[in-house]
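Since the structure of chain A is provided, determine the placement of chains B and C on it from the hints.
Residue numbers (this note's numbering), protein chains in the order written: chain A, 1 to 895; chain B, 1 to 86; chain C, 1 to 268.
Possibly wrong hints are sitting among the right ones.
Unchecked claim - Straight-line C-alpha distance at most 30 angstroms; calculated DSBU-like pairs for lysine-lysine:
| no. | chain 1 | residue 1 | chain 2 | residue 2 |
| --- | --- | --- | --- | --- |
| 1 | A | 397 | A | 478 |
| 2 | C | 93 | A | 339 |
| 3 | A | 478 | C | 56 |
| 4 | A | 397 | C | 56 |
| 5 | C | 93 | C | 56 |
| 6 | C | 56 | A | 339 |
| 7 | A | 787 | B | 5 |
| 8 | C | 93 | A | 397 |
| 9 | A | 339 | A | 397 |
What the hints assert, rightly or not - To give an idea of the chain B side of the interface with chain A (calculated C-beta under 8 angstroms), a few residues:
| no. | residue |
| --- | --- |
| 10 | 23 |
| 11 | 27 |
| 12 | 39 |
| 13 | 60 |
| 14 | 74 |
| 15 | 81 |
| 16 | 84 |
Said to hold, decoys possible - Cβ-Cβ distance ranges computed for the label pairs, FRET-style:
| no. | chain 1 | residue 1 | chain 2 | residue 2 | range |
| --- | --- | --- | --- | --- | --- |
| 17 | A | 812 | B | 57 | 35 to 43 angstroms |
| 18 | C | 207 | A | 673 | 28 to 36 angstroms |
| 19 | A | 762 | B | 3 | 28 to 36 angstroms |
| 20 | B | 36 | A | 366 | 20 to 28 angstroms |
| 21 | B | 62 | A | 545 | 42 to 50 angstroms |
No lab work stands behind these hints: they were computed from the structure. Values in this document were obtained by computation on a predicted structure and should not be read as measured data. Backbone N, C-alpha and C define an ideal beta-carbon position, used for all residues, glycine too.
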Amino acid sequence: MNDETRHRTEPDGGHTTDGGHASAGERTTDGEHETDGGRATDGGHATAGDELDPSRIDGHADAAEEAFPPLGSIKRWFVTTNHKDIGILYTLTALFFLVFGGVLALLMRVQLWTPGGNFLSPLSYNQAVTAHGLLMVFWFLSPFAFGFANYVVPLQIGAKDLAFPRLNALSYWLYLFSGVLFGVSFFQGQSLAGGWTMYAPLNLPTYMPNVGATTAILALVLFVASVTVSSVNFLTTMHRMRAEGLTYWRLPLFTWTILLTVWMMLFAFAALLAALLILTSDRLLGTTYFAAEGSGSLLWAHLFWFFGHPEVYIVFFPALGVMAETFQTFTGRRLVGRKWFILAMILVAVQSFAVWMHHMFLTGINLQVKTLFMATTIGISLPFDLMVFALIYTMIKGRIRFTTPFLFSFGALVLFIIGGITGVFLGAIVLDYEFRGTYWVVAHFHYVMVGGVTALIGGLYYWFPKMTGRMYDEWLGKVHFGLFFVGFNLLYFPMFLAWETPRRVIEYDPAFVTWHQLATVGAFVLGASFLVMFWNLSRSLFVGEEAGDNPWEFATTAEWAVPSPPPLENFPGTPSYGSGSLRFLTTERALTPGEGSGGAPGVADGGTTAAVGGIDHDLDSRGLGGHDPDRSHDPNHGHESHASVWPFVVGLASFVVFLGLSGFRDGGLPPGMEGGIYAGIAVVGTAFLAFALVGMARQRFRGPAGPFGESWPFDGVENTKLGVWIFLASDVVLFGAFIGAYVFTRVAHGWVDWHVVPHDPTPGLVNTYLLLTSSFSVVLALVAAEKGSRYGLLAGLTATLVLGVGFLANKAIEWNELFHEGLTLSSSVETSTFYLTTGLHGAHVLVGLLIVLYMMGRAARGAYLDDERPVEYFGLYWHFVDIVWLFLFPLFYII
Amino acid sequence: MTSTKLYTAIYVVLFAMATAQVLIEFAGLAYWVGVAAILALSSLKAVMVAGYYQHLRFEPPAISAVVLVGLLAALVLTFAAAYSIL
Amino acid sequence: MHTVGSVVAVVPLHGEGILPTGTRADVFREIFWVFLLLGTLVGVVVIVYMFYNAYKYRDGGARAGAVDGRERGAADDRPTLGELPTGGGGGRKLFLSFALSTVIVISLIAWTYGTLLYVEAAPTEQEDDVLEIRVEAYQFGWAFTYPNGHTADGTLRVPQGETVELVVTSRDVFHNFGIPELRVKADAIPGQTTTARFTPSETGTYQANCYELCGAGHSYMTAEVVVMEPDDYERWYENTASNSETPSNATTANSTTANASASVGGDR
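Bound conformation, chain A alone (with noise of 0.2 angstroms):
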């Protein structure tokens, strides 16, 4: 609950247009619509106060907000967006994930029990490995660790949710049917099979022709979608929506650790984005990146590893965090070198984007950068070293007790360190040039990357009490323990011995069989050993001791102070460090953690009154009311929404669309009723899909509003301002690993012998014009809403959409007599960069004129005059695709 004096004092505050209305076909899913909604203001409405509602005032009817159902109801899984709901989601559909990704490995480990065995074809084991890889990287450990992020930072923080609730259901949605359309691609012919890296031109359709690859390359990009709007999420969360008194330094580290991830994972997966975008349309429209002969393997391999390193530590890093939270619970004492563990952590994350190379050892790039990536890649391992010393020292004088969820950061530890030494022996260029493709490297990265999965497996029976009330049974948690860290152990290590085994075979030099069937008696262990977790923890959630608020001695972050499981909007009051500890603040008096939980009675979630001093009477005054039939039912329901089933909605109809794009192939379908039927299923996703949008953006939905305690270096920059921002901040990589693919191509066929496809720059330079002046018309927009002039804006917006459409039109008309020289998108890689380039653009034009329109519609009667906020955002997206044009243009046309 918020102080109300302060809330409408606050000029900061106000308004969180949570608007949606994404489009997922493209990089359309975020940040730039989240300006379009404009009426999804909180009451509070900036220094206005209360007789504001946008929506009355351009007499605009609204769907009305929806109800939010309790708990225990089947409708309210569909409809939440409250983070802790999220956050269970994710969690339990990770599981489902490792389940899926876990017995993908067992009958790998089957197939290898002895060489050469026929248990599975060569075809099959090859889609195996795949979908293990990829299932386990995307959709199980990520995921998993956010079903975390999303329950527990913003408790940390301090934060009722997160910044853009509604996006963070959609981020879910898209995750869940990205995996959904993961699992169909086994059902169309034959999954992708050529491994989690996806090496070209394998990837091709040359080689892997079934329809099930490219839906698997189509999931990948979903994910990509949910990825990148989970991102702009989290960052603007973090960085505006702290408590007061909580700085940077003073955050905890669980949430450093996921604010790190987040910034990686936002420019990582923007690179991923770009090469997953090629490849598809390698893949569906015939352009020849991939294919073309001295580029497009090393082409995918830097696009994929400069995702791809970073990716190590997006996934590691929160297993990270949650070993540093829990030694410093069960220890009882406060980490060692805090300080320079934190920075160590950023100098991994900004390095991490300087090591990909080390995947590319052998590929024939030039001796210098082979030793600078060796260098940064054995600078990258250091920081690393103190971070495990100063875990290990933190239980120095400790009281260490070896509850479950230490056990398990404990192993975590352990393994850690043995991934970490056998990973300096691939820094060794000389060593890695034998290990390539190797064993050694499969033992490496499992050390490490389900050391991770093991902390992570802490990290579940550390939270289990906060999100169920619940005392999982400690017994049978350390029975997992001991069954998970045998099992590892024999699956992993006999590999290190059998490490002369290539990778991805099923015959394998006979005399590693002992090893390699002891690896299979380890897979089974591990794989038993989550048997004990699952009925563990689902029996305890109905026969579980209550567990308290904190059934940890010695936890110190605020998830602990708060009920097990927190109320809906988490806090007593308003989470407040400014005394130098955490106070919940209401408008009476402060409350300490002891007195917020006790005395609060909103035990359950979503559950009855909770009322803390006198807000919700102050609420009332307000009369807001009127425009909410929920809180009538609901007076614990404050004034925030919590409720749309629209971005379920999306995230389905966006599955129809990429299922039914799936069946496209070198821009045309496959013959017959096969092509039809998936034309037929493109069309209605499409339609769907506009409609989910635009349900999506009409909906009122009331986000979290501020005043918020720290938002530096952000105060001031309004959230859906600054989400916009983050959103083009990777689409900038989006777009620059697209010229930077173009440049890598160029220079590898000789720069100066490349054809530039368009003989003649005029078409180019008018479209610049256009552009430019586009630019200019909707900045008079803005100063026409500004000054309150309703047909200012409305021809602002006019001018900016002829001028967008003449753009597009003056596009096609070059594009077309272009077509009829024979150069298509399949002429040459010249064509192939030219027309994918230009076209990715394009359809950002695209999707900025739908945005217009929308807006036209609804500034004809008479919105943003009171609030322009909308117009400016959007005119930051509509500038940077300006700005695009003003590099794509000489890049493509003149130089």
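Using the frame of chain A, we list chains B and C on its own:
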């Protein structure tokens, strides 16, 4: 913020610079000199659009930093990858 | 640890026994064992230290009384719910360990970097002695082209004791040519070439594998590598001259850059 006049002036300058880029191409400069000049003009235009139309000049510098970090990442990828095969 | 630290100082001293020399197999063996020994040592020390501390500072148990006594003295020192985090002490110890590990890692890598330069260096004097063989990967096998244009599929014959340079490329997808026992490995990438140099020291038959997943036949994509007595090899090689199947282009394509794509025939 700034007035319509300023926005208009910037628009005129941007328009002129776009024209100049194409003229440079036909000016008969040495290839790489021309490339450098054209890209420099593009960068200048980008800075003007970002600084005024996106009013980054008037925002906290942290926002510019966020975008610049993304730009830096993209440049690292581009140049390191291209250099690796030289 | 002390000896390792001093390695840095003597890295430039080539050929005085510090830098491993010999065939790639020798070099690998030597470095691998040093890493393994040192890695095991460091790992065991650190992990044992972890367990020691975990045991020493365990809660409760027989030392319950002692712990209680101490706890009372240090009660203020325990973290409390809702406190703001502060950096714990122990910074000096942390930095000492960090510095030590840094020295170990950097010395090891500096040492192996010398070896890398040695391995990658082109043997300048016996340049003519290098036998250049072109290796072409395809789904799913290996074709070898000798300087005289002779092409063989699935079997690579090389003379013992002579330096062989493999120029590796691919006709279709990304493969990787590796002969584990001879410690030879090179990526096979369509449209470009990579090189790997080795000197087989013992005659015999070895197996080459593909080390990059390349499709259904990946597991079975092997080749036989026969290291022959130099005389036997010469005799065999003489006989092949007549039945060369394709005109050689292997000798011209020795560039390791991606530019050298012109000479490669694709099958797409």
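Hint-by-hint comparison with the structure:
Between residue 397(A) and residue 478(A) the CA atoms are separated by roughly 24 angstroms; this keeps the pair inside 30 angstroms, and the hint holds. With a CA separation close to 15 angstroms, the supplied pair residue 93(C) and residue 339(A) stays within the 30 angstroms bound. For a cut-off of 30 angstroms, the pair hint linking residue 478(A) to residue 56(C) stands: about 20 angstroms separates their Cα positions. Between residue 397(A) and residue 56(C) the alpha-carbon distance is near 9 angstroms, which keeps this suggested pair within the 30 angstroms criterion.
Distance hint between residue 93(C) and residue 56(C) is fulfilled; the C-alpha atoms sit about 18 angstroms from each other, no more than 30 angstroms. At most 30 angstroms may separate the alpha-carbon atoms for a hinted pair to count; residue 56(C) and residue 339(A) meet this at roughly 26 angstroms. Only pairs whose Cα atoms come within 30 angstroms are accepted, and residue 787(A) paired with residue 5(B) is accepted, the gap being roughly 15 angstroms. Only pairs whose Cα atoms come within 30 angstroms are accepted, and residue 93(C) paired with residue 397(A) is accepted, the gap being roughly 14 angstroms.
For the hint linking residue 339(A) to residue 397(A), the alpha-carbon distance of about 20 angstroms falls within 30 angstroms, and the restraint holds. For residue 23(B), the interface hint is violated, the least distance from its beta-carbon to any beta-carbon of chain A being 10 angstroms, above 8 angstroms. Look at residue 27(B): its Cβ only gets to about 11 angstroms from chain A, farther than 8 angstroms, so that hint breaks. A cut of 8 angstroms between beta carbons decides the hint on residue 39(B): the least distance to chain A is about 7 angstroms, and the hint holds.
Checking residue 60(B) against chain A by beta carbon gives a least distance of about 6 angstroms; that is within 8 angstroms, so the hint holds. Annotation: residue 74(B) was flagged as interfacial toward chain A, and the flag holds, the nearest CB pair being 2 angstroms apart, inside 8 angstroms. Interface restraint check for residue 81(B): the shortest CB-CB distance to chain A comes to about 4 angstroms, inside 8 angstroms, so the restraint holds. The criterion of a C-beta within 8 angstroms of any C-beta in chain A is met by residue 84(B), whose closest approach is roughly 4 angstroms, and the hint holds.
Here the CB-CB span from residue 812(A) to residue 57(B) is close to 36 angstroms, well matched to the stated 35 to 43 angstroms. Take residue 207(C) and residue 673(A): their Cβ atoms lie about 48 angstroms apart, and the range 28 to 36 angstroms is violated. About 34 angstroms separates the C-beta atoms of residue 762(A) and residue 3(B), a value consistent with the hinted range of 28 to 36 angstroms. Distance hint for residue 36(B) and residue 366(A): a CB-CB separation of about 24 angstroms, consistent with the stated range 20 to 28 angstroms.
Between residue 62(B) and residue 545(A) the C-beta distance comes to about 46 angstroms, which sits within the given range of 42 to 50 angstroms.
Consistency with the previously given hints fails for numbers 10, 11, 18, ordered from lowest to highest.
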